[in-house]
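Here the protein sequences come in this chain order: Y and P.
Count along the first sequence from 1, add 281, and you get the number used in our numbering.
Take the second sequence: its position 126, counting from 1, is numbered 116 in our numbering, and each next residue is one higher.
Quick caveat, the hints were computed from the structure, so don't treat them as lab data.
Idealized CB from N, CA, C, for every residue including glycine.
Check before you lean on any hint, since a few could be wrong.
Said to hold, decoys possible - With beta-carbon atoms standing in for the labels, derived distance ranges:
1. Y:362 <-> P:94: 32 to 42 Å
2. P:19 <-> Y:511: 37 to 47 Å
3. P:187 <-> Y:375: 50 to 60 Å
What the hints assert, rightly or not - Quick partial rundown of chain Y residues pointing at chain P, CB under 7 Å, derived from the structure:
4. 426
5. 427
6. 527
7. 560
Stated by the list, open to error - Anything over 10 Å on all C-beta distances counts as not near chain Y; from chain P, calculated:
8. 1
9. 29
10. 35
11. 45
12. 164
13. 172
14. 185
15. 197
16. 199
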Amino acid sequence: MRPYILVRLLQTIPVLIGISFIVFALLYFSPGDPAVINLRAIMNTEQPPPEAVDAMRLEMNLDKPWYIQYGSWLTRVASGDLGYSYQSRRSTYEEICRSFPVTFLLSTITMIISCIIAIPLGILSGVHQNSLIDHLSRTLSIIGLSIPDFFIGILGIMLFSIHLNWFPVAGYNGVKYLILPAMALAVGMCAISMRLMRTSIAEVLEEDYIKTAVAKGLSKTLVIKRHAIKNAIIPVITYMGTQYGWLFGGAVIIESLFALPGLGRLFVESASTRDIMVLQGCVLVFALVFLFINLGIDILHYILDPRVGQGNE
Amino acid sequence: MNNCEIISCKILEVFLEYHTKICKKPLLIIGFAILMFMCLIAIFAPYISPHNPYDQDLKNRFLSPCIEYPLGTDQFGRCILSRLIYGSQTSLAVAVISTTIVVIIGLLVGVYAGYFKKLDGFLMRITDIMLAFPSIVITLGLVGIFGPSVPVIIFALAIPGWAKYARVTRSITLSVKNRGYVNNARALGAGDRYIIFKHILPNSYAQVMEIATLGLGGKIISIAGLGFLGLGIQPPTSEWGTIMSQGLPFLTKAPFITLSAGTMIMIFVLATNLIGSEIREVLDPKSDSIVLS
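Construct all of the structure, not just a fragment, from the sequences and the given hints.
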């Protein structure tokens, strides 16, 4: 058990280093002087005096070669200093802390909705292959995959907010505002996880131990409930886990559509105004969240099904 | 024979080989028909669009669909149908170019990683790093820094996408590189580059084709998403995502603006999804089509 987890943890290190290089490169190659951007926020003036800029450039090591800049950038990031926003003049760290909970809630609600819909439907269509429900779910999933999430969001607004008046159109003031965006995000995810659940349960049902259980005289529902689902659900959980990590960054368009003050909207706003410090902070957070959720999922996968570790290295 | 010809030959080969199977796949034919139709619309846009997509007619704002304007008009009185038809040009061109770049990078990285053991660790770590970012994050980040111009958008779409192709190509390369015919070619004195391009790479074309069709749909969605956020191909060039977001404030007054653009995107992506999933079923009947997309 230990070696696999250890190897997996060690594998994360080069990826972490790579991520830090990419995020640093975003800052390094961007037009605009980070020292000026920071000073504008700190001194609260549009044109910081040149002496102050020079001093700041020295302090941030901007006059040194790139590897020293990288080193000092890394130490600053490690202490939580991600620079200042060009727009709001608040620190990037503060901005991210403020918007993270919204995105976290949104992703979690999306996950819950997709689990509730995708898993039972997938099991049903896997057990009754080529039945009406199977064909229906297959058709729905292909259509669901083909509609961009923001279009689903718009359709949802038209139907549920404008016509039926069930949910608020946009903005954020409590969980109620997150249901519609979460449903829009869940459609695409449901489409894939449902198919995965179907394939997985169909495969498990072919296994010998299932046939044995049926031959022993257990009823089919009991066999599926007790034996099949336990094994079949593992790949689905793994997939949904990676999707959970993906959602933090993948919800950018939906967050902007519904005007949710989450990380995604912060990211889009920083990209449209070229607010470079906030932009790189967001990219870093998205990558880290994705990386660590994947790591957690892999370890969980290993605990649930120790066979995975054996083929690996 | 250059690479392009090899690819087209290979596609033809795959099709002939599975000809009978394909005839039993109506969905594949439907998907291809839609795709071809969309391409024709894009190519012949100036001839088939009823109006000039940039002509404003402020007297006829927010018209509902009628004979003169089949899909109505937008807030500047421009014909929506014409704007959609012209929009297909930009969306398709950008999607096809960026997918091509993605495929080429992915094939090269994958085949070199699989073939040369020394490069493997390094290239695959880079692939891992690329997979650590959701693709929209890289795309948006690049567009945010370098500004939304067409070349930037193409590259911003191409940079995050290749990792998937590299993985597939690498595993195929690993599985064929020690087969008899490859060793024979080597014994006959063939160089590495010849073996890679003539004997190894063609094995992965079919599978890469399938990911690429699915990827094409994904690119269309990303382009529309960028346009929707105002970071895509800039107005006045008509583009599906931009049309959608422009119609948003008038959702109650003139829902046709947003709905028709969304439907266009949906139909296109549906076509690529149908093709991709059906190709997979033909190539590998056991696996479930859309799961690995």
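Against the structure, the hints come out as follows:
Taking the beta carbon of each, residue 362 of chain Y and residue 94 of chain P are about 40 Å apart, inside 32 to 42 Å as hinted. Checking the proposed 37 to 47 Å range against residue 19 of chain P and residue 511 of chain Y shows it holds: the Cβ atoms sit about 41 Å from each other. One distance hint, 50 to 60 Å for the beta-carbon pair residue 187 of chain P and residue 375 of chain Y, holds here, with the actual separation near 53 Å. A least Cβ separation of about 6 Å between residue 426 of chain Y and chain P falls short of the 7 Å threshold, and the interface hint therefore holds.
Restraint check, residue 427 of chain Y versus chain P: the minimum CB separation of about 4 Å is within 7 Å; hint holds. For residue 527 of chain Y, the interface hint holds, the least distance from its beta-carbon to any beta-carbon of chain P being 5 Å, beneath 7 Å. Checking residue 560 of chain Y against chain P: minimum C-beta separation of about 5 Å stays under 7 Å; hint holds. Distance check on residue 1 of chain P: its Cβ is at least 23 Å (rounded) from any Cβ of chain Y, clearing the 10 Å threshold; non-interface status holds.
Non-interface call for residue 29 of chain P relative to chain Y: holds, since the shortest CB-CB distance, roughly 18 Å, exceeds 10 Å. At roughly 22 Å, the least C-beta separation between residue 35 of chain P and chain Y is larger than 10 Å, which holds for a residue marked as non-interface. Remark: the non-interface label on residue 45 of chain P is consistent with the geometry, its nearest Cβ contact in chain Y lying 27 Å away (cut-off 10 Å). Distance check on residue 164 of chain P: its Cβ is at least 14 Å (rounded) from any Cβ of chain Y, clearing the 10 Å threshold; non-interface status holds.
Consistency note on residue 172 of chain P: stated as away from chain Y, and its beta-carbon is indeed over 10 Å from all of that chain's, at 25 Å minimum. Annotated as non-interface, residue 185 of chain P keeps its C-beta farther than 10 Å from every C-beta of chain Y; the closest such distance is 28 Å. Every CB of chain Y is more than 10 Å from the CB of residue 197 of chain P (nearest about 18 Å), matching its label as outside the interface. In this structure residue 199 of chain P is separated from chain Y by more than 10 Å, as the shortest Cβ-Cβ distance comes to about 19 Å.
When held up to the earlier numbered hints, the structure conflicts with none and fits them all.
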